[in-house]
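A.B. asks: Please construct the entire structure, taking both the sequences and the accompanying hints into account.
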Amino acid sequence: MSEELEQLRSKVGTLEHKISILQRVNDVIAFSGNVEKVLERLLDLTIEFLDVEFAVIYLLRLERNVLKCAVVRSREPSTLNQKDKDHLKGTLLLPGDGLAGHVFEKNICQIVNDTNEDRRHCADWGSLENYPIKNALAVPLIFKELRIGVIELFNKNEKFGGFSEKDIQELSAISNQISIVIENARLHALMNHKLEEMNVLFSAMSLVNSSLKLDDVLDNLMSMAMRIIDAEGCSILLQNLENNTLSFVAASGGKHDEIRNVSLKKGEGIAGWVAEHNESLLIPDVRRDVRFSNRIDQYSGFETQSVLAVPLRIEDTVIGVAEAINKRGGGSFTFNDRRILDTFASTGAMAIQKARLYEDLNELFISTVRSVADAIEAKDPYTRGHSERIRRFSLMIADKLNLDDKNKQDLGLSSLLHDVGKIGVPEAILLKEGKLTEAEWVWMRRHPVIGADMLAHIKKLSNCIPGIRHHQEHYD
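If you want this note's numbering, it's the position in the sequence shown, counting the first as 1, plus 1457.
Hints were generated in silico from the structure; no laboratory data involved.
All C-beta atoms in this analysis are idealised placements derived from N, C-alpha and C, irrespective of residue type, glycine included.
Once the Cα atoms are required to be at most 25 Å apart in a straight line, the calculated PhoX-like pairs of lysine-lysine come out as:
(1) Lys1542 x Lys1591
(2) Lys1916 x Lys1670
(3) Lys1540 x Lys1591
(4) Lys1865 x Lys1670
(5) Lys1563 x Lys1591
(6) Lys1811 x Lys1916
(7) Lys1591 x Lys1525
(8) Lys1811 x Lys1917
(9) Lys1865 x Lys1917
Estimated spans, in silico, between C-beta atoms of each pair:
(10) Arg1796 x Asp1672: 23 to 31 Å
(11) Ser1803 x Lys1723: 19 to 27 Å
(12) Arg1744 x Met1807: 33 to 41 Å
(13) Arg1518 x Lys1723: 48 to 56 Å
(14) Glu1533 x Arg1902: 41 to 49 Å
(15) His1645 x His1927: 22 to 30 Å
(16) Lys1563 x Arg1518: 17 to 25 Å
(17) Asp1571 x Ala1630: 24 to 32 Å
(18) Asn1864 x Asp1831: 22 to 30 Å
(19) Glu1715 x Arg1744: 18 to 26 Å
(20) Lys1494 x Asn1573: 30 to 38 Å
(21) Leu1698 x Glu1890: 49 to 57 Å
C.D. replies: Structure, rendered in structure tokens:
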């Protein structure tokens, strides 16, 4: 009877010890420090929990489709020296190679209790002959049905006679927690990458330094050119590659309003020829030039007598044409006039390029913000699409309030990023079923402040920070 009681006490003590380790595992998961240190601590607890000598974690490198040894730990520091740990870390396995590669490729758990019969572990453990492997257990690391790596244990305590199905069950439970840590680290890295990407985009946007709309910039350029060249009118036409036309986008001088948004067919008129051949033309009398088309004159009621036309280029690509019409006083345009108009054409092309770049960067910025929002919402499938819905509802209200475009853009960005601080909330809390404890609510209530602090250094988002920081507050 006393012997049975002693065995029972021993089992209870073992269970209490394992429960204590699992509690420490949860404590480590809640810690948001250096991910490598967190994984090392989790692997140490796994070694203690399953009573083994060594353990490693392999993580999938998607860009190369290989498994990379990311963490190596041993029960005793003297068992495996730092030099050998460093040697093992960073080693690569192809899916299917070695025990870890086999487990990853087949998505199975695998026990090898006689390494003399099954030598696949050698590929995993390298050529460290001083550390004989007696047995091994490998379990895939899985997050939301996606394989992200493998955890591998070596040399179960001899008193147990090797690994068992119970070890697989226990390691699988811990591996789920390790997978969450790895995925959180990936989201953090993704977030940092996206924020860095946005900062670079903001720096690029600062180069687009004109405070005027593109149409106003081009109109002003043509007004200045008209005065300096002493022409009756100047205009800019841009190519539309979709329908092979040239359209007037800016004009100054007589009848300029009548020709806006009028288009020429490919190769039509003086401008069409210049765009097609990437050459300037100086024509003192258009009535003597067969390339001239009087269709625009008929449309506007303006009489063209002389034309100076130069191509607009971005690098070596023609994007349009700048034209000066009718030298005042009845004279002809000069080569100096052509040089001046060429200068204005280059300036106009630069303004167009900047405007197009700004539009592309702004679209990319919005896409980046959406990617950040999507990355956050990936942590919590229950709220997927929430940020986009908030954005739509907010902009509907903004329309009713007649807010201007700038305020609408800030509101839209605030809506997409309002929950960005959830990256700092443990996933166990976000995905918990049932009521949160008071301690968990403390974590949850911090996410507006965490989000605002994360984005505070981004100048482009300065007007969005109040919305992010205060989105959980209300008046009553």
